[in-house]
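Take the sequences, apply the hints, and build the full model.
First to last, the sequence lines map onto chains Z and R.
Residue numbers are given in our numbering: position 171 of the first sequence equals residue 171, and the series is strictly consecutive.
Residue numbers are given in our numbering: position 118 of the second sequence equals residue 118, and the series is strictly consecutive.
Hint data in this document are derived by calculation from the structure and do not stem from the laboratory.
There could be a bad hint or two in this list.
In silico BS3-like pairs for lysine-lysine, Cα to Cα no more than 27 angstroms straight-line [as the list claims (entries may be wrong)]:
no.: 1; chain 1: Z; residue 1: Lys129; chain 2: R; residue 2: Lys150
no.: 2; chain 1: Z; residue 1: Lys246; chain 2: R; residue 2: Lys194
no.: 3; chain 1: R; residue 1: Lys194; chain 2: Z; residue 2: Lys194
no.: 4; chain 1: R; residue 1: Lys24; chain 2: Z; residue 2: Lys134
no.: 5; chain 1: R; residue 1: Lys37; chain 2: R; residue 2: Lys24
no.: 6; chain 1: Z; residue 1: Lys129; chain 2: R; residue 2: Lys134
no.: 7; chain 1: R; residue 1: Lys150; chain 2: R; residue 2: Lys246
Selected chain Z positions facing chain R (Cβ under 7 angstroms, derived; list incomplete) [claimed, not checked]:
no.: 8; residue: Pro95
no.: 9; residue: Met102
no.: 10; residue: Gly105
no.: 11; residue: Phe110
no.: 12; residue: Arg120
no.: 13; residue: Asp147
no.: 14; residue: Ser179
no.: 15; residue: Ser180
no.: 16; residue: Ser183
no.: 17; residue: Asp320
no.: 18; residue: Pro321
no.: 19; residue: Ser345
no.: 20; residue: Ile348
no.: 21; residue: Arg350
As the structure is a prediction and not an experimental result, all values here were calculated from the model.
Where a beta carbon is used, it is the ideal one built from N, C-alpha and C, also for glycine.
Protein chains: 2
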Amino acid sequence: MTEMSLYHQLASAIIDQIRNDSFKPGEKLPSVRALAKQQKISVSTVLAAYGVLEDRGFVEVRPKSGYFVRRVLNKTPKAPSINQSTSHPQKVTTPQRVMEVMRDGSSQQFIAFSVAVPGRDFPVVHQLKRSFAKVVRNETFLGIGYDSPKGNQPLRRQLARRAMDAGILVSPDEIVTTSSCQSALGLCLRALTKAGDIVAVETPTYYGLLQLIEAMGLKAIEVPSDPHAGMNVGALKLALEQWPIKAILTIPCYSNPLGSLMPDDQKRELIDLIYHYDIPMIEDDIYGELGYEGTRPKAVKAYDHKGQVLLCSSVSKTLDPQLGVGWVIPGRYQEQIEYQKFLNSISIARLPQLAIGEMLAHGGYERHLRHARESYRQRRDRLTELLLEHFPSETRFTQPQGGFVSWIQLPPGTNALKLYLEARQEGILISPGELYSSAANKYQRSIRLCYADAWTPEREMAIKTLGELVSQQLEDHS
Amino acid sequence: MTEMSLYHQLASAIIDQIRNDSFKPGEKLPSVRALAKQQKISVSTVLAAYGVLEDRGFVEVRPKSGYFVRRVLNKTPKAPSINQSTSHPQKVTTPQRVMEVMRDGSSQQFIAFSVAVPGRDFPVVHQLKRSFAKVVRNETFLGIGYDSPKGNQPLRRQLARRAMDAGILVSPDEIVTTSSCQSALGLCLRALTKAGDIVAVETPTYYGLLQLIEAMGLKAIEVPSDPHAGMNVGALKLALEQWPIKAILTIPCYSNPLGSLMPDDQKRELIDLIYHYDIPMIEDDIYGELGYEGTRPKAVKAYDHKGQVLLCSSVSKTLDPQLGVGWVIPGRYQEQIEYQKFLNSISIARLPQLAIGEMLAHGGYERHLRHARESYRQRRDRLTELLLEHFPSETRFTQPQGGFVSWIQLPPGTNALKLYLEARQEGILISPGELYSSAANKYQRSIRLCYADAWTPEREMAIKTLGELVSQQLEDHS
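Here you go:
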């Protein structure tokens, strides 16, 4: 028996013991050294086995204490199934529903799981406020005419520094600031396409992208996405062979709504593909810094030496959605993006750029990220517990490794839009699956939940209510 | 002889005396009481005559001192001539030149008359800073998720209040905030048109509009504009008869670059016309509050009871171009504009909206406007003096009654682009006329100068240098 199968075998045995409650939630596992001795195997084999358990979410490491069985998971959630056929190019609809979701989400009257906004309970709010106060006090942000078309230089310096974490080497002058990630994506699409062109996106994908594509008179080809690995590169290749696709638009690191993370070798394949077909790729990296693993995943752009990837991001998911600071790293499309930014707004607000630059330089951003990532992981786990407890057993859902949205596939016989409407009556907001595809009737049994906010008894009760509404649908159906 | 003709006659007599140097620049006119006694006429007649002199720019009032002859104006400048033929629909060009002008304008190395930014020496900068500091200290601008798609409510309340000055009655909910006026104009064009459509604009007009039209795949019909009265409504009517125009885009109050102000009866005609053809009109009102007369002119939208005018503006000309706060009053297109705003940026920065709301409510905005208007009037007068002194006598130029840009038509035989390039070599930035039309070779003898900044010996010398470069061209030509 090889070393590899040995540690897998050990991991499986422990998972069985967790499942049959021999190891109870919260209980400490034997120390690595003790288990190695007891089983007469090497310390590194035990470490590898514990690593598998950690990766799969069965145990957690508490520094200087050891490995503990995590709460939850006597049942393993099943990932949602995504239909693996690529769509024909088609138009998008439902702006009214999208605006209803956005309007409701800005109201304080609902218990909201609908709109993807960061947790509101983090101390970073105070750090940000200090950064703003400092900049207002010390910096010249008025009375100096227009800024460079690229945007504020000190901010771009910080962004260039942080891009290195994603494996991207750029100078501050190779970055263009924007007022949001959505605005950055719009600039890219306008620079690269014209009405009638076809753009490839993954499915399911964020409705803001689909609506933008529709509004620009473009057509979307929806390439199936894997709940773990993101856009299916093989399916994309077939689509590229078949259609005159002008650009690819994807969210490789913690996609919205699946939370999938594209593996590095798949990222390399994607680069090979866009080089082969000589078409640009727009990478939405807005969740890239919110992974639960230790190191930040590489961006697809990290593998791009030809400047063919345009990376878009903002601080809307890491800090706050009302800061008005996003950016593009446009590669070879630098001139076009600066021009599109000029057309779109002439210039953008200077003060928020200065304040975010200050925050990234001196405001404890890394500490905030560590705290946020750990909080989101815990909040995902609590959501998992609640879904397992309150939703019918045939419910499938993602276990994202980053970000803060979960994609939930309800049992056959249910309807997500009906759930959305009934929940809204109860004061609970969710995001119905139909928004995430341009194909009519595609995600009729799916919903997206944002779990960024701290769990309160009220929010936990709302998940219970949602589960009851789903069960009721099943009963009515049968 | 009626009372009215009496004071006009008196005013004319004094103007003659100013012109033949009986009253010298800087000299005090007789007191009202003394002149009334001397001429045996009523005090009110003298007051009315002095009012005419003030309106026509011959004298200025110094509080508690009396009426003084202003410098300037022994010659009367001639307005530029605008070719009165409407163009066929056509595409726009020269993004490179536009970006060059924008990039240079953000540099501190030049003496700049090119980009239209407010004066940098006004105390309002400090008031704004206080408003920002107050909002950062007292308001919740973070950790509250997304705002309403309409934008910040306290700001919209202030904007609705101020819109009344322009004759517009709207509730705060009938306003949508944006990140700039350019962004507002873009939202409107996207809501109203699709690629291939024709939009009517005045000529000459601001290059940001022409470039936006081009980039959206639209075509521009250029309707001639009068240096005093703005877009020629008769010519527009002919264009509407001939072409399937989808929207009209105009700057009725202190247009850029002419500084023209459309008379109220012409505004009414314009409304009748858009009602007759049932097409929407986008009104760019960014300079509307910067008139040199006492009362703010009415917007075209003031005469629109059907909601067919979409008014766009921002604080970029009244306060500062880097604040990131603009808005639309979209009339019947409210839903579409909110949706376009969502597509364009999801949401915009909250803090600047709060700070501008605070500034408009308590920051001394009216006092600032009074100060800015008077400064711009004086700076226009100084520009007039300098142009009369240093430019060849065949030069024609506008005398704007608001805003802070002047349109200058150089003598036959000169070339504005050549002047632009030569001036740039000397470290002086101007805006070449070709940017203000989509027709090649249209304004080859015209330039736009921004006179918002205070006159310094260096800036005055730059105008002299420009004049010498023009004279040199004439010599080389002859």
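Cross-check of the supplied hints:
no.: 1; hint: Lys129/Z / Lys150/R; result: 24 angstroms, holds
no.: 2; hint: Lys246/Z / Lys194/R; result: 20 angstroms, holds
no.: 3; hint: Lys194/R / Lys194/Z; result: 11 angstroms, holds
no.: 4; hint: Lys24/R / Lys134/Z; result: 53 angstroms, violated
no.: 5; hint: Lys37/R / Lys24/R; result: 22 angstroms, holds
no.: 6; hint: Lys129/Z / Lys134/R; result: 12 angstroms, holds
no.: 7; hint: Lys150/R / Lys246/R; result: 25 angstroms, holds
no.: 8; hint: Pro95; result: 5 angstroms, holds
no.: 9; hint: Met102; result: 6 angstroms, holds
no.: 10; hint: Gly105; result: 6 angstroms, holds
no.: 11; hint: Phe110; result: 11 angstroms, violated
no.: 12; hint: Arg120; result: 4 angstroms, holds
no.: 13; hint: Asp147; result: 6 angstroms, holds
no.: 14; hint: Ser179; result: 5 angstroms, holds
no.: 15; hint: Ser180; result: 5 angstroms, holds
no.: 16; hint: Ser183; result: 4 angstroms, holds
no.: 17; hint: Asp320; result: 5 angstroms, holds
no.: 18; hint: Pro321; result: 5 angstroms, holds
no.: 19; hint: Ser345; result: 4 angstroms, holds
no.: 20; hint: Ile348; result: 6 angstroms, holds
no.: 21; hint: Arg350; result: 4 angstroms, holds
Checked against the numbered hints above, the structure violates hints 4 and 11; every other hint is satisfied.
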